[in-house]
Amino acid sequence: MDLRETEEQRAVRADYAQWLSDFLPADYYDKYADYRWDYELRKAYQLASFEAGWLQPAWPREHGGRALGPLEALTVRLESAMRAAPKLPNIQGVGVVAPGLRSFGTSEQQERHLVPVLRGDEWWALGMSEPGAGSDFAGLRTRAVRDGDRYVVNGQKIWTTQAHESRFATLYVRTDPDAPKHRGISCLILDMESPGVTTRPIRMATITDETFCEVFLDDVEIPVTSVLGAENEGWKVAMSSLDHERDMIWVMNWVEISRGVREVQKRGDSLDDHQLVELGRRMADAEALRMTGYRSLTSSLRGDRSKEFFILKLLGSESLQRTWELAATVAGADGLADGALAFERHDALAATLYGGTSEVQRNIIGERVLGLPKG
Amino acid sequence: MDLRETEEQRAVRADYAQWLSDFLPADYYDKYADYRWDYELRKAYQLASFEAGWLQPAWPREHGGRALGPLEALTVRLESAMRAAPKLPNIQGVGVVAPGLRSFGTSEQQERHLVPVLRGDEWWALGMSEPGAGSDFAGLRTRAVRDGDRYVVNGQKIWTTQAHESRFATLYVRTDPDAPKHRGISCLILDMESPGVTTRPIRMATITDETFCEVFLDDVEIPVTSVLGAENEGWKVAMSSLDHERDMIWVMNWVEISRGVREVQKRGDSLDDHQLVELGRRMADAEALRMTGYRSLTSSLRGDRSKEFFILKLLGSESLQRTWELAATVAGADGLADGALAFERHDALAATLYGGTSEVQRNIIGERVLGLPKG
Amino acid sequence: MDVGFSEGQLELRAAVRDVLAKECPPALVRSCLDDSEAWRPLWQRAVDLGWTGLALLDDDNGMGVIELIAVLEELGAAAAPVPLLSSAGLAAGALRAAGPAAAEWQQELADGAVGALCVDTSPGSLDASRADLLVVIAGGELSVVRPGAGVVLAPLDAVDPSRPMARVTVETDASTEVVLPVSVPAALAIPLTATAAELVGLATRVLDIAVAHAGTREQFDRVIGSFQGIKHRLADGYVAIERARGLTYAAAMLAADPDADRVDAWRAAALAKAAAGDAATETTRAGVQVLGALGMTWEHDMHLYLRRAWQLSPLLGDSAALYRDAASSLVGAR
Amino acid sequence: MDVGFSEGQLELRAAVRDVLAKECPPALVRSCLDDSEAWRPLWQRAVDLGWTGLALLDDDNGMGVIELIAVLEELGAAAAPVPLLSSAGLAAGALRAAGPAAAEWQQELADGAVGALCVDTSPGSLDASRADLLVVIAGGELSVVRPGAGVVLAPLDAVDPSRPMARVTVETDASTEVVLPVSVPAALAIPLTATAAELVGLATRVLDIAVAHAGTREQFDRVIGSFQGIKHRLADGYVAIERARGLTYAAAMLAADPDADRVDAWRAAALAKAAAGDAATETTRAGVQVLGALGMTWEHDMHLYLRRAWQLSPLLGDSAALYRDAASSLVGAR
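Residue numbers (the numbering used here), protein chains in the order written: chain A, 1 to 375; chain B, 1001 to 1375; chain C, 2001 to 2334; chain D, 3001 to 3334.
The hints are simulated quantities; they were obtained by calculation from the structure and are not laboratory data.
All values derive from a computational prediction rather than experimental measurement.
Here a beta-carbon is modelled for each residue, glycine too, at the ideal position from N, C-alpha and C.
Check before you lean on any hint, since a few could be wrong.
Calculated lysine to any residue pairs in the SDA-like style (CA-CA distance at most 25 Å, straight line) [to be verified]: (1) B:Lys1374 x D:Thr3216; (2) A:Lys307 x D:Ala3174; (3) A:Lys266 x D:Leu3330; (4) B:Lys1307 x C:Arg2013.
Footprint (simulated), chain B over chain D, 3 or more residues, beta carbon under 8 Å [stated by the list, open to error]: (5) 3005 to 3011; (6) 3023 to 3035.
Calculated Cβ distances over 12 Å to all of chain A for the following chain D residues [to be verified]: (7) Met3001; (8) Ala3101; (9) Ala3113; (10) Ser3143; (11) Ala3214; (12) Ser3226; (13) Gln3228.
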């Protein structure tokens, strides 16, 4: 057990840091609050990352990586997070869709889709939630009826992030209505330009770069070659997708917690003991999250099923919420003039919802880790 | 809405305070930690209270009261609590059994039992919990089979406070095994000296004045005249009993919270901001509990069903636990030498269990107050 | 002793509730987020209906502190975008502590002028940008100042523009009408209590919304409110609200009692505001959680309450600060 | 970088676990509550098995900080009533910060002497009444003192007499063997981390007990662990434990890294101990709640863990104080 980096790890991290520093505008950190919303910069960052092999460092060169080991790759991800690298504009494309394509996609699907999504040329949405199926994903009702070499799809998705800006979506549909709920689901690659697809953005309560949409599907035709994974095996694709999402989320949470902690630290002298205690708690959360991420990866590398993985989402999202509550509290009246802070605090409320609510996470921990029976 | 006392209320409270002060030994408050365990004093207090009409102030003279109004009676209870009057040695006798006898008892039962329990001459236990039926009271299995003018009872009770010192118990038994769970229960008055009753005290982890017992019932014969309430209407008696218990508990909780708050206050200067915040929270709890008690009573007096009543147990017991945690924390190493403090802290852990666990209380609030469906 | 509203108070409260149900729908609040004048018609109604008369805080004539909190609970529940809290609760509440010498400004507020309160130890003055008169507490003195030259406002309305706050700086050339000695704790008792009442009303409505959603929304073939994860959190929300409500009533009764110790009254008010801030913060947070993504949308009303809760929670001290101050006043250490 | 135990560490840990399973049943712990000598046979075993060799804190030879915390997790899980934490974790951990000059006392501890640590800023010394040597940190200096004349112990064992604490006063006539300069944060890093490891082990066992009960006890015709009220609380307990465990490992790795900044190492240790105190306090509280009245009895083991958790939580600073100190060291304000 040793946190010290190997020479190689140190070198990789230094390489990345240098590359990032060369890439970023000189005033990036001074004007972070503005650059946060600079889509052109964020797009350019994704493309440059892809080309330099920093986008998915463990993957081969042609897929935006440099074939690093998993620990080295995580180190780069955390370094990127710690340095507040620009947020990928369509983050689920790189973090969720691309790994899904690599795991479940046919060679044709990979050939067609992987590079565009990784470069950011084509955005993707995740078509999971429905009006009646949120936490209860297996309760989805969107129907796909096979008709020769295509499916005809009818139904509705909701809370589909960035659907209106996406070229494709992983669309989860019911292909076998007679099978047990989670056995009759398939994942289809939906071309968002197909006839019958209507997308309506939902206005959010605050500014956001991850607009939710409703997606209506009326007799949408999707070729059977667009099944991702096998027919009726969408549950497996979805579970893998959620795992990738959570693996992405905890690092995002860690960045945001660390940033919130720094916001609080800035007020240094004015913090009273009570606020310092809370600050200490959040510092502990951030470090615990990072360590749990490493421990989870270590377990996986050793071939153990990682129990640690299951707490990352809950610990990260709950802490994120508390961190920005604390930041708002210590800002006091100043905070009421600070739109960026208000956004962070509000945005953090969603963290305990997306990627599986905290209630679902507690069920998962109680059942899968502790072995308690379902309710 | 007016917290000011009427002349009568002030006079009653002053009368009681004077009486209490005359009754107590001169060094009572200096040596409270010792007197806390002085059973002779506590017994004498109960008897004197009965005779002076302060035991159940709203009841008539012959039942240990002085026919005060409900608000005046509550004022006396709180004054007694605030002045840390000696704890009744068999508190459920006065607080739970006696009201039950008055509500459900036949005139013969009242004649026989009321005065002895109020004077403290005969102690009572509440025979509710069973090894398989704790929170799930309606799941009780102790069987009573009618045989002429008596029942023959077999089964077991557990966590029966002070059973080994009690002369009687309210014993809940199943008299109709075919009825829905809560419809086949009766409440019997059990003479603990009956053949077939075996009582085994359970050693508790710390010193306690409310020892739990197991009670084994082997072919115990109980005359049918000992049914309290009607046959198969024990559920109603039990619910009323629980209400009385909770009504007694919140005042006890309030005393203990207030006492814990004073313990913390004593450390005055050494408290840091964080501890002061926690102290403020507990001060707020104590006052909120008192106000909620008054509000609950006010609703009842106005003929409304009191929704406030349902939160008293949860608010009181959870706060009590936190109060003694705080007291232990601020005491630091000193606390590790303080057996009395350790006892209070440990004893407070039971507060969220007896009289209905916090989980049960949250269900009650969710279902009965907020109208959410059962799980 | 009577810990319940009188018939008259209940009638007043019901009347206010009826008016707000008709004339202050969430759509009005929403429109006030980007229209800084949209509050005026409702305010005019409040004046016409005599609600501003509460600024007299006349406990003997049915328009006192108890009536004020009964009415403010309803305004909080509606997230009403009008300055009744700031006029009758904050400004008039502070003025009352200055005694009869301040009566003329209370009368002005009762007649419909908009008042705001600025306290030097707590930046952020509610409705200052809408105010006709500012009650300023600084250095242990209370002064009445007119907005205009010498009064500089810096907006603090990024969270809740529907009822904006501002940081107020009063310069030497400001138009000051009177300076009176005042006990600061005494001057803050009613303002804290009034703020608590709005927050309690707000939290109550938020819980109602969350409970209604939890009682109908189904997942896993069950109404989600039947899951203890949701049910228990809402139950805890209810406890938090009733805890705060009891403290608010206690504080109001002490504030209305001329014989009560002023520090006791302030301490009760501080605990009430702290508890109400906790209740509002926690129920809005729980509300978003129960509503799920719906609670993050513009169309759903939840964000209106969330903004208001976040705006009011730091007012006159956040919960932790108030708990701390109340405790240290009792400990007598600082 | 490798955030996992090595094969050798896992074997050591498993060996310790096996010994404790056989030779340190809860009955032994219970007997130590009223027999102040009952710990000795197990301690002799620990010496014979070489566990006390951990006091050398020799990271290069397989008996270092990482091995120490691996072993202490197991001792915590068994609530073992022996002074390994105080000898190898607290006393030796502090001695190591004094450098090679302190090696001879580390060797004495490695050979089986019982050590205890007394810190002036944190009254309460674990196992002081059993100690052969006392490591005293006061006024920025570390001294080694022998119990006896001039060393006065006041017992602090009302909570957990099975492994007692005492308040130690060292008078001028005490037998002091050496006085060395020491950096206080550096001297406390291993003691804090070691205490955290015992607490994490303890909390883990408590959660196991609670989960086992919740998975078999039925009420309302269901296993109670299927109710979210119970399930979610136990899940939160698991999160609290793993949060603390990760921090403890991080702190251990920093403590073992000779190039790490000493203040960073101390801060990591403080956060680990704070988190571990939280985890132990909360899981024992949850454990009693899940067990119900059974958890309040003498016969059930829960009180053994509860006592230990309450005893260790204030050691070297309670959780709030440690969070506060860690934060303020980073803020640099105080």
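We went through each hint and held it up to the structure:
The straight-line distance between the Cα atoms of Lys1374 (chain B) and Thr3216 (chain D) is roughly 22 Å, inside the 25 Å bound, and the hint therefore holds. Only pairs whose Cα atoms come within 25 Å are accepted, and Lys307 (chain A) paired with Ala3174 (chain D) is rejected, the gap being roughly 51 Å. The straight-line distance between the Cα atoms of Lys266 (chain A) and Leu3330 (chain D) is roughly 10 Å, inside the 25 Å bound, and the hint therefore holds. Under the criterion of a C-alpha separation no larger than 25 Å, the hint pairing Lys1307 (chain B) with Arg2013 (chain C) is consistent with the structure, at around 19 Å.
Interface restraint, the region 3005 to 3011 of chain D with chain B: violated (0 residues with C-beta to C-beta distance below 8 Å; minimum three). Coverage of the region 3023 to 3035 of chain D by chain B is violated. Counting CB-CB distances below 8 Å, 0 residues qualify, and the rule asks for three or more. At roughly 5 Å, the least C-beta separation between Met3001 (chain D) and chain A is not larger than 12 Å, which violates its mark as non-interface. The claim that Ala3101 (chain D) is not at the interface with chain A holds, since no C-beta of that chain comes within 12 Å of its own (minimum 27 Å).
Here Ala3113 (chain D) stays apart from chain A, with its beta-carbon at least about 28 Å from theirs, past the 12 Å limit. With a minimum CB-CB distance of about 30 Å to chain A, Ser3143 (chain D) clears the 12 Å threshold, and the non-interface call stands. Its closest Cβ contact with chain A, about 6 Å, brings Ala3214 (chain D) to no more than 12 Å, contrary to its assignment away from the interface. Look at Ser3226 (chain D): its CB is around 5 Å from the nearest CB on chain A, not clear of 12 Å, so calling it non-interface is violated.
In this structure Gln3228 (chain D) is not separated from chain A by more than 12 Å, as the shortest Cβ-Cβ distance comes to only about 6 Å.
Of the hints listed earlier, those the structure fails to meet are numbers 2, 5, 6, 7, 11, 12, 13, in rising order.
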